[in-house]
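A.B. asks: Quick mapping for you: the protein sequence lines, in order, are chains C and Y.
Position 241 of the first sequence, counting from 1, maps to 241 under our numbering, and the rest follow consecutively.
Position 287 of the second sequence, counting from 1, maps to 287 under our numbering, and the rest follow consecutively.
The reader is advised that the hints may include incorrect statements.
[Unchecked claim] Stretch-level coverage of chain C by chain Y, calculated; a stretch enters the list once three of its residues show a Cβ under 8 Å from a Cβ in chain Y: (1) 117–124; (2) 130–141.
[Stated by the list, open to error] What the simulated footprint calls covered on chain C by chain Y, stretch by stretch (three residues with Cβ under 8 Å from a Cβ of chain Y suffice, anywhere in the stretch; the number is not a length): (3) 26–35; (4) 222–235; (5) 387–398.
These aren't lab readings, by the way, just hints derived from the structure by calculation.
All C-beta atoms in this analysis are idealised placements derived from N, C-alpha and C, irrespective of residue type, glycine included.
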Amino acid sequence: MLLASVPAITFAQGFQVNLHGQKQIGMGHTGTGLLQDGASVLFNPGAVAMLPENYVQAGVSPLLFKSAFVPSGSNTQYDVANKVATPFTTYAVWGPKNSNFKFGMGVYTPFGGLTDWGNSWTGKYSLESLDLKAIYFQPTVSYKLTNRVSIGAGFVYNHASVNLKRAIPLSTSTSADGQAELDGGGHGFGWNAGVFVKASDKLTLGLNYRSQVNTTVKDGNAIFTVPSSVAANFPQPNTFTASIPLPSTTTLGIGFYPTNKWTVALDASYVNWDAYKELSFDYANNTATLQDTHSPRNYKNAVALRLGTEYKATNLLAVRLGGGYASTPVQDGYVTPEAPDANRVFFTAGLGYKAAKHLDLDLSFEYEDVLSRTQTNIESNLSGTFKTNVFIPGISLVYHW
Amino acid sequence: MKNFKSYTYILFAGLLAVASCKPEIVNKASFSAGSADFTRYISVGNSLTAGYADGGLYREGQLNSYPSIIAKQMAQVGGGAFTQPLFTEAQANGSGYLKLTGFDPATGSPITAPVTTGLAVTGQLTLPTSATTSVVVTTYTKYTGDNNNYGVPGIKLLQATTASYGNYNGYFDRLLTTSTPNNNVAYIDFVTAKPFTFFTDWLGNNDALGYATSGGAGDVLTDKATFTALYQATIAKLTATGAKGAVATIPDVTTIPYFTTVTYAAVLAGVKAKVPTITDLYIATPSEAIPVRKATASDLIVLTFPTSLMGSTTAGVGTYPYGLDPRNPIESKYVLDATEIANVKDYVTNYNNTIKTVAASKGLAVFDAFTFLTNVKANGLLVNGVSLNSGFISGGIFSLDGVHLTPRGYSVVANEFIKAINTTYGANVPLADVSAYSGVKFP
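Whenever a hint applies, use it, and build me the whole structure from the sequences.
C.D. replies: This is how it looks when you write it as structure tokens:
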């Protein structure tokens with residue numbers, strides 16, 4: 001017997017996570033054209049050689065993703081469960097005294113998603129939950145060409161993991177849905193390079209390119225739980241292979257210093273999401289029901305504009321504010337519940353406290369307003385309005401010498 | 001440090017304040033009953049309205065009837081209580097129904113078994129219908145108490161004004177205070193006895209379906225003029241006290257899996273698998289000129305046709321291989337042949353014109369089930385990531401009898417009614433969640 005073909009499993013977008021350092025978050029995620037701390041390993045390897053000291057630092061930004069959905073014509077709102085994702089950063093920067101070289105290492109989480117809609121919401125056949133993590137490891141070297149110009153580059157290894165669950169519309173005798181779970185890990189490679197220019201005492205500039213990282217999950221577990229009479233349609237055990245291009249990002253950053261206590265920074269980023277044309281799942285064991293899926297994504301390139309400022313209120317205390325706007329790569333018709341994306345505006349604030357001569361304690365807070373978006377998905381016909389608020393407090397410790 | 005602390009407090013007080021609010025999307029004020037009044041909604045109709053499914057009427061089907069789904073949504077814009085004539089928990093299996101027990105490993109054909117326990121059947125009564133004929137009426141445990149869902153399996157529009165009809169239909173009998181053979185109230189009088197403010201009316205299906213499902217052999221189509229007169233009369237009665245309502249058209253019978261699952265090609269292929277030299281199937285037709293002919297793909301075979309009969313020399317008139325020899329054709333009751341299809345289509349089109357005309361004259365909402373199910377058959381229906389279609393079992397809409405719907409199918413119908421009501425009455429009744437209702441249950 002032929003069952004209705006299984007709707008394509010999709011996983012998606014907007015899951016770029018820009019939480020790369022508490023000082024930088026406080027200033028609206030700016031930092032490509034600044035010399036703040038070891039986070040330059042990510043923001044601009046070209047700036048690392050110009051950093052005045054050596055650094056070891058770690059930070060975490062617990063992220064609360066509050067998404068809600070109301071189907072078209074309905075008055076029922078579905079909310080994601082309160083789950084906290086934990087993007088983190090660790091950086092180390094070291095250089096020999098009086099050398100033009102500096103070396104760096106970064107471990108950070110530039111992509112990820114944690115969305116749990118539960119197994120009884122209206123879109124359960126599209127998605128119940130997604131837990132996606134990408135951890136980048138980036139050894140870096142930077143060289144000061146002159147007192148005004150430095151360059152740097154890093155190699156990126158991505159360790160990724162994904163767990164995706166959704167319901168299959170095959171009821172058991174107790175009306176419980178079938179379940180599909182895809183669980184796997186994968187990896188990918190890329191690079192990160194930049195140049196940094198000290199134009200004057202009042203102006204610094206940075207240009208950074210973070211390459212696309214094609215990440216492949218190979219032989220992940222494809223676990224299907226369906227009524228026994230139709231189990232032959234979903235052979236077990238089974239595995240899947242999927243690839244996703246994590247896009248390249250080009251950023252131009254400017255630092256401007258009106259006084260010696262006051263910094264203003266601007267970052268403009270261009271994210272090459274259009275590499276993400278389709279998402280395919282290739283199952284090792286296919287049946288007439290369980291076919292490989294090829295879901296069109298057709299992302300478009302996205303931009304982000306970020307503005308931030310820092311004011312050193314006292315010798316010990318810095319106050320930071322920032323904000324910005326990011327356009328969505330997801331075109332109309334392609335919005336899915338994995339990370340219901342839309343254009344977003346964000347506001348950030350931060351505090352830096354010099355806890356000891358060599359130790360900075362930084363706090364950050366960010367609020368993202370992912371704008372409301374009413375959509376009918378071309379693949380699932382899931383039709384309705386998504387709205388997401390994101391709350392991200394954060395803390396880091398930076399030891400420098 | 002003091003400054004740092006106070007700044008930190010400000011930062012995190014602000015954080016707590018915003019983090020506690022989740023997005024609010026719903027604009028409650030936009031939902032309303034419009035110019036309709038759902039204080040007492042009643043549903044009028046046949047088995048589809050009663051929640052009949054899987055070849056029977058049983059409690060779970062009743063709980064997922066489209067009127068009960070509509071009523072739940074109406075309740076959110078001021079609709080009143082909606083009580084159904086449910087079978088009790090102890091007799092939850094009502095009339096009995098079919099259950100899917102598995103699939104034939106060789107052919108992949110579904111295997112069903114009747115549920116015969118926990119029934120509400122109280123007995124069988126043989127009633128004369130004329131001097132020489134009689135019918136057997138199965139009776140059920142009486143339902144007493146409030147009722148909003150007047151769906152009576154089997155009823156035709158033709159019978160809705162007949163006072164004695166309750167004697168011949170056990171499902172109607174169980175709603176009445178009197179008992180067969182002493183019932184003496186016409187269906188339309190019974191349903192309108194208590195005041196109501198809103199109704200749905202989906203009568204008329206059986207006036208065509210009875211003929212079709214019996215292969216054109218066991219029943220007759222209700223005369224077109226009679227249908228028109230009765231439709232006008234029943235709608236006049238339903239709207240007499242100012243109630244508003246919604247009606248539905250009659251689906252094309254060829255869009256339901258009862259006629260599209262056991263196909264000519266499948267039966268021929270099944271025979272050929274055993275005897276490769278066979279090239280033709282033979283069917284009995286209603287034509288007096290050509291009582292037997294070769295079947296074609298335009299002839300529809302009913303879902304209940306026992307394919308095991310094919311080639312049997314004891315089935316039918318015997319002696320010759322059943323269905324394979326013109327002297328022992330597939331009986332007419334199993335086949336809706338091309339002529340019969342054209343006949344039933346012509347009547348259904350005429351009935352539907354009547355329904356739409358009468359509805360328009362009274363300003364009623366119309367759910368055009370004919371157009372809707374024709375579209376579903378042609379294109380399928382993709383709802384919330386679930387791909388639904390008119391296929392048997394796999395389609396998700398039709399239950400195991402191939403005529404009636406699954407809970408998911410009934411929720412789709414409920415939403416179509418609601419959309420029609422919203423359009424006609426300037427209302428905004430929220431739609432039901434189709435994902436929350438299940439399709440066919442698999443063992």
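A.B. asks: Would you mind marking each hint as holding or not holding in the structure?
C.D. replies: Quick rundown of the hints versus the structure:
no. : hint    : result
1   : 117–124 : holds (count 5)
2   : 130–141 : violated (count 0)
3   : 26–35   : violated (count 0)
4   : 222–235 : holds (count 5)
5   : 387–398 : holds (count 5)
The structure fails to meet hints 2 and 3 from the earlier list, while all remaining hints are met.
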